[in-house]
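Engineer: So you can see what is in the structure, the chains are spelled out below.
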Amino acid sequence: MTTKAVRTLACVTLCLAAPQAMAFEPSKPVEIVVPAGAGGASDQMARMLQNAVQQNKLMTSPVVVTLKGGASGAEGLIDMKSAQPDGHKFIIAQSSIYTLPLSTNVPFDWRDLTPIAIIALDQFVLWNNATSEDKSVASLLATAKAKPLKMGGTGSKREDHILTSFVEQKSAVKFAYIPYKSGGEAATQLVGGHTDANVNNPSENVAVWRAGQVRALCVFDNKPMAYNTKVTQDLSWGDIPTCRSQGLDIEYTMPRAIFIAGKSTPEQVKFYVDLFKKVAETKEYKDYVSNQALTPALLTGKDMVTFLETDEKKHRELMDTAGFLLKK
Amino acid sequence: MEALQSLMQGFAILLTFDKLSLMVIGILAGILVGVLPGLGGPNGVAILLPLTFGMDPTSAIVFLSCIYWGALFGGAITSILFNIPGEAWSVATTFDGHPMAQNGQAAEALTAAFTASFFGSLVAVLLITFLAPSIASFALKFGPPEFFAVYFLTFCTFVGLGKEPKHKVIVALVVGLLFGGIGMDTVSGELRMTFGFVELLKGVDFLVAVIGLFGISEILLTIEQKLAFHGKEARIRLSTVWRTWLSLPRYWATLLRSSAIGCWLGVTPGGAIAASFMSYNVAKQFSKNKDSFGKGQIEGVLAPETAAHAAGTAALLPMLALGIPGSGTAAVLLGGLLVWGLQPGPLLFVEHKEFVWGLIASMYLGNLVGLVIVLATVPLFAAVLRVPFTIIAPMIIAFCAIGAYAVENSLFDVWVMLVFGIVGYVFKKLDYPLAPMTLALVLGDRAEDAFRQTMVGSYGDVTVLFKSPLSGTIMLIGLLLLFWGPLASGASRLFGRGRPASEPRPVE
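Chains as they are written, first to last, in this note's numbering: chain A, 1 to 328; chain B, 1001 to 1508.
Isolated chain B, as found in the complex (with noise of 0.2 Å):
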């Protein structure tokens, strides 16, 4: 098999002691990135390009895709631990992750998280290894209506499986929009909401709202609730490690259900993040234990995790074979290998061999070594839930500010960065759903414009958007799982079988 043999070469190239150590390096430094909120990968790699300079295209690559494995990795670790999503695509983690923490599970759900993260990459890595120009051409499908009908997808999961009550979903979603909507419009390239602020001109950056809306606010109901953290009484030892893993194996559903949701969304730009929320939902709604979802489920961790992680193993792909980054880090690596004198398209996996079989090589050897070096910090990492809540919480703050100055090198994001603390609070306090809202903020936008897109395209007409099969296919599973609820209830009914009483379904 001609991909195998390739990918053999891929190996040998990598096996010698300089790019092995390259790598450990270069998934140290990822990890590092990962866990500071803000800095997350594309700032991470951004900074650290200019080193790889002097290094030949193949060593330079694998130093860059090392850190970013690593940073995904990383990003899980500040989610589950204080409820700060490192990264876009970790928001979904936080949801049992953090939970699971309180509850003096931290070790287990890092483990849960670190390993679903491995497989999910193995299999999007699997993939890429094998069926690399197909999947490719596969993106090229996604045209403005294919793009909107992928995020009303992902908003319907919303409100179609979540068990929060519809109506607060909804407000939840269009603040989520609203807040999206400021900034340059780039359908008709005009300003909206800034009200003469020119800090306002670029938008409310996504993870500077999510560190406020996850991390701030959870600092401020923590403060209200008697400073309790209970993650002090977590024991801690490495045989936590192999007993989450024996568990495992029970969720093999889960994660080839969530792997697969990931690899299909990968491959579409901007995927990864539509991917963690899509797969948490329908984890949810295919679980046993639909109501623990929320309350530190571990499939709560494993099935956002898996997704993120094979979406954005996954993203690499159209990169390479495109040129099109389908996550930001992506892009910062795309900005690289045009430095190094690659030019990314169809044509690269002719031209540049080894380049090409030397990076899908790392990301075997990347994962698997990120995973071992993950796995043995986490009792270290866990045991930061050790020191007193009243010592970590400034702690906390302080990295939150730096985080959300990090991303722009921006003060006034700091200050959006409080206003989303109290947003969230209010939130939380009122028992609405934050998790819409984050999704309606970074998909919000373009789903805006791939409608707008669209409907340029078909001079108005929207039954456009059934009309190719690719985008009517999605759009009637959109709406079957918008209606979900009732359908269920209904099928239910319909075969005698009704539900008891007590559990009465929302009907819209």
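Pulled out of the complex, with its shape left as it was, chain A reads as follows (with noise of 0.2 Å):
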């Protein structure tokens, strides 16, 4: 009886409104779609946007999270793709958006999405285990060169294994690479030992860096993170140099962006890219930043979409060359 009260108040609401106002307004549930598994850096992500639109009230709708997150998240990214451009469905997409489809059959453009904003850039970072007598970047290659190292990533032809060949490439050193399937599974493994480094995000290994079991070598980007609170006994974010000032010329970053469904409206767009404006001002995305130690960036319309494809076009040629690109 109320919800279809409720449903009726709202739809002649709805009706009464509709000629004056153009503006877009969810009037349902907005899904948000996580490409990625459980507890994954995505799904942080997702919960913290749910937090930060409910604690805020930046959205009369409720938001909910689906985890799409099989076949290394192909599945949450075509699900995307045949989403009805009704505004009421968003996806918290990475770099797997071109690397999956270069490598796969996977039938997938990011240009059949409505791109929104890049909300942030996640690092990625050299560590060992923090028992290795390797201290450096120099040592651990040295090392690597007489004899072959283990290093494990999240997935194959995927960001690390990427990234592993472009250390490869530029170091002229070979790795044995051992897919996992999660960040955090590979983080657990580098602190067993049963692999000897690993390239993972920040967040992936902040509590085992933490706890002292990793060493952090450098960061894979142009200038050092720029948090300066301690994360750990004596260093933090920033005391990490970055690969280039270790010898290791290689800068590589990941976005995290959002898109809706193709096909969508203008007042659609504004309305998401408002609600990430907005967002990217909240304590709760603030703190979820600097804990996850990522770049805080917000790119929207055209700059997104030359990012993107700068990126895209940069990936094109490292598995090119790692010959990861999908053979048709």
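Rather than coming from a laboratory, the hints here were simulated on the basis of the structure. Be a bit skeptical, because a hint or two may be false.
Stated by the list, open to error - Now the stretches of chain B that chain A is said to cover, found in silico as 3 or more residues with beta-carbon under 8 Å: (1) 1172-1186; (2) 1197-1208; (3) 1450-1461.
As the list claims (entries may be wrong) - Partial pick of chain B residues on the chain A-facing surface, computed with a CB cut under 10 Å: (4) Leu1049; (5) Pro1050; (6) Gly1054; (7) Lys1141; (8) Phe1142; (9) Gly1143; (10) Pro1144; (11) Gly1189; (12) Glu1190; (13) Leu1191; (14) Thr1194; (15) Leu1334; (16) Leu1347; (17) Glu1408; (18) Arg1446.
Heads up, the beta-carbon is just placed ideally off N, CA and C, and yes, glycines get one too.
Build the complex from these two chains, which are given one at a time in their own frames, with help from the hints.
Structural biologist: Next comes the structure, spelled out in structure tokens:
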């Protein structure tokens, strides 16, 4: 009875309001598609968004999170591709929007979706076990030259694998790359001594870093991270040197990008762009990026598309050299 | 003793009116999601997670973990009554639980399942309370070879200890492995056997397959057998609960053995499922009534339930201490921890003592409250069986369909479920065992990954599996169990106690 009444009321309001106001506003629960497993970085970001929207009342409709992490996230991408352009669904995507279609037969192109915003950039750090003798990048690479080392990472022919191959190209050493199902697994396998190094994102390794179980050798960016609060006993994220300064000339970051369904209306786009601008101002977002050591960013519209196109081109070249491209 | 003192502080935090009422609500909600196949623990917890955003972390984890306990209890209900496992680890409970219900012993089976669950959890919580730090580091010893060894051992208990003909077990295993291989392969990053269907990208979901294999095929068989459903003859009284309890001490060995298997496998990720299957097979091997297994033997309910719950509880330990979730639900809880601003990992026990001990105390209290609630509802649930089959069958099918849909919100999965229903029916008609196939479906993929990760790391050297003491030992136990039949009969011949000729042992 009550639901029916509410629905009727909502319809009446909507029908009356429609002619005057052109602005779009979600009228039913908004779904966040997470193309990754429970507890992973995308899931955590979705929970943060859910929390930020709810606590700051940025939207009247409730937000629900759906996990579609099957097939390295291809399941979520396909789900988003087939979504109706009604403005009630968005996806938290990352580099897999190009690495997946480039390396496998997944029928997906990010241009099929409507880009909203890149809300952060994630870093990659070169880690090894804290008990290892190799205390610098140079020393690790020297050891790797002498005897093959095991590099752990998430998935095959994805970011971690591509970056590993990038390191191999630049340093002329070979790693045995061992693909795991998640960054968390790659982290514990490094701590357990089953692999010798990994290139996890800061958030994937922060717990074991704080516990003094792993060592951060360098960050794959052009400048150190901007966080100077101590994370471990004596180090902050900002204390990790860049890989370039350690003789490994590689820059590699990963966008966290929001898309809505393809063929969405300009009103829907405006609503979500505004929403994420507001989210970027919330305490929840700011706490989140600093806890996860993400680089805050807000790229929308043309800037976002240019970024994605450049990044896609870079991936195509890297994957071509590594031999990861799909043979057609 | 420090642990005991911290635990008492934990109890002090919990024994307030609002925390206790949160527990009861959580458990009731958990039983509800546990009863609905497909919805299960992970989805139930995920749906209710946003409710906890406003709460303080301790209340939130108490609420969510109680949903978890409730779901664990609830999963057994549908397994026993309708042969539909609500969770992956309830599959083994159906083997004897459902025959018991068909024989009119639904109340006994439910009571046994709940009590066994409680016992298993209790043992695991005691373990967590007193040995947390050292046990957590045990999980770190597991690299790819060790994981493969554990999966290998599980497969071996099936082939070696099962009483079905070996060739049928192996055929069923292989069919399961084949289905399990559909979708994206972790090690090569390529798609396999998707034949251009985007729906097959994510592979066959284990729960969807199991709902079809057990639930739907059961209905098909029952329809064929003149709609007979013997549950209605059951006389259900609360006194049945007491009577069943009085009979339980007899099975102390099964209970302890299963708890040990559960605790051991629980701390290795994904272990709860392996634990329930393994403990069922081991119980069967050591039981005096070996031949009545599968026909409604109470030990066949006790063993998998005890192990699954010991494992399900122990699975929270690596999650808290290392940040590796041991089960799907633990993974969702892990996401929750991060939202509440807690970082799981080795420092959690040091930095958020109140939270950790509150959670551990809630494991004791939550399980106790849960046991009381579910036992009180046994007569109610068992009474469902008195409803005529013609009414209940369509309801079960609808239930199955909703469950299969709910796993991933995908209509395609409902078709997959129906296909597996037919596969299950054919298997049962041809007298092929379903259990090895379900086991291969859920563990095959992981076993394959672990094996290939091992091979990548060792540059193709298989002997590495026997080189580390841990994986070597597990592999040897596996091989021993695989050839248990021939070995045992060989040994008995050696000592001059030949078996009666009427009971020949299959020799590979």
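Engineer: Run every hint past the structure and note whether it holds.
Structural biologist: Against the structure, the hints:
no.	hint	in the structure
1	1172-1186	holds (count 4)
2	1197-1208	holds (count 4)
3	1450-1461	holds (count 4)
4	Leu1049	holds, 7 Å
5	Pro1050	holds, 6 Å
6	Gly1054	holds, 8 Å
7	Lys1141	holds, 6 Å
8	Phe1142	holds, 7 Å
9	Gly1143	holds, 3 Å
10	Pro1144	holds, 7 Å
11	Gly1189	holds, 3 Å
12	Glu1190	holds, 6 Å
13	Leu1191	holds, 5 Å
14	Thr1194	holds, 8 Å
15	Leu1334	holds, 4 Å
16	Leu1347	holds, 6 Å
17	Glu1408	holds, 7 Å
18	Arg1446	holds, 9 Å
Checked against the numbered hints listed earlier, the structure breaks none of them; every hint is satisfied.
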